[in-house]
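**Q** When you get a sec, could you build the whole thing from the sequences and use the hints?
Sequential numbering of the sequence shown, starting at 91, is according to the working numbering.
By construction, these hints were calculated from the structure, which means they are not laboratory data.
Warning: the hint list may mix true and false statements.
[Unchecked claim] If you anchor each label on the Cβ, the simulated ranges turn out as follows:
1) R564 - A104: 41 to 49 Å
2) T575 - D307: 30 to 38 Å
3) R276 - L555: 35 to 43 Å
4) G287 - G517: 36 to 44 Å
5) A308 - T579: 37 to 45 Å
6) D317 - A104: 25 to 33 Å
7) S282 - G240: 45 to 53 Å
8) S162 - A312: 46 to 54 Å
Each residue gets a CB set at the ideal place from its N, CA and C atoms; glycine is no exception.
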Amino acid sequence: MHPLVAALASVVDAVVGAVQGSPAESVGLSQEEARELLLAVFAQSGRLQVAGARLSTAVDDEGLWALDGARSFGHWLAAATGMPYVKARSVVATGRALRDHLPATLAAGLAGDVSVEQVQTMAIVAATSEARCAALAAPAEDCGEEFLVGHARESGADGFRRLARRWAAAADPACDERGYQDACDREFVALSPTLGGFHLAGFLTTEHGATLGCALDAVMTAPAAGDARTTQQRRAQALVDLSRLVLDHGLVGTGAAVRPHLSVVVDFDTLRRVLEGPHTSDAAVVRAHRGRLADQGHDASGDGAGRGLSEDDGHDASGDQAGSRNPDGDALVEVPFDTAFRAAAERGCLFRLAPVADVERFAVAEVLGAGPIPAGVLARLACDSEVSRIVFGPDSQVINVGRAERTYAGPRRKAVIARDGHCRYPGCTAPPALGEIHHIDQWVRDHGETDINAGILLCWYHHDLIHRLHVEIRPSPGGGWLFLTRRGTPVTAAA
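**A** Right, dumping it as structure tokens:
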């Protein structure tokens, strides 16, 4: 046995021996020591999982596993460890991404600075296309890998996954378009009779899943007193109620059209760009300064003197058809994405993400509670929808709309939800459907205004908690919120 294997087994045996015969007091651990050991067990096991993912690439490359007759390294790993094949395949994919594209993530994961879940998010969300891998190689100020790792150190797993999805959508929107088409091809709903009822299974795209979720939330009423059903059981009833609603009101085949109540948040420039230009998966807008365009042979002056591609490519970098100009004086040259990426890679001019002041405001469209959507989906939804204007100022502050009403309703409620996205209590990510808007200044006691910037989205549980424990909420100078106990100490995510 290798000394490292023996040392690892010895440490694990010591920990296992310490926790056998719980409760903790029976093995000589105080409550504080037991809590410290619990956190250490999960932290160190996370580091070991990252090390295992990286080590898997070395074993895979060495190839001796094939002598056992396994069809792939993933199948061999699943059989040898007893883990499900899907998990084994994820371990292998994570290890390859860490080796090939994510050196900073690997270092942070091995050091325990980020969780294994955040490492997996980087592998399966960020390092998923050539353009995204190129963007990861950029420095932190250009929103590269170090930028994401820095935010991973300060975020929980759910919050970081949302950030990574926004980053990926901004770094390579064409990949999301291709992914959306693949997801559409995988959509299905199976309803099969079985013993005692029906079995329901399926898969929906982000847009369709969010639409169904909105409909179910609208139909699903609050539980009555004494209703012991779980949320999943009540959602099943809501699906049946929704079906009866359609059938009983004659909404099938009558030509009636009710727009879905689906909220998409997008900045104005992105919305305008999508509505005014093409957004197919094989086209990309390459943004470059005049000097870079001139260096690549494109016409940056707009006079048609330069040509970015040959005539055989069918794309002319001069004239209105191939390019336009934005207010900053930069040229927007439209070429096929693969062609643009290869040309930029050859010249060392790969796409860079613009620095962001607020990680909640990447220039992408996002379905509230579901994540980013491709430009093509945004354009289709905007074709027949109600557009509400919500103006964000510095630090994502929404403009004041006064004290006209005691409760947040209509546009005010939509604005707060668009800004917060989920319950803002530290460590909580409950969706808007499970919460309500809280006045940080009490309406009666403090004469608080129904001001959007004085409202915060909280889930029902944490809304009750801050009133019971008299937690004070203040706007943070850098954006976001500060939660303070009655003693003035910050509330942590563990609360």
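**Q** Identify every previously stated hint that the structure contradicts and give their numbers, smallest first.
**A** Going through the list in order, the structure violates hint 6 alone and respects the others.
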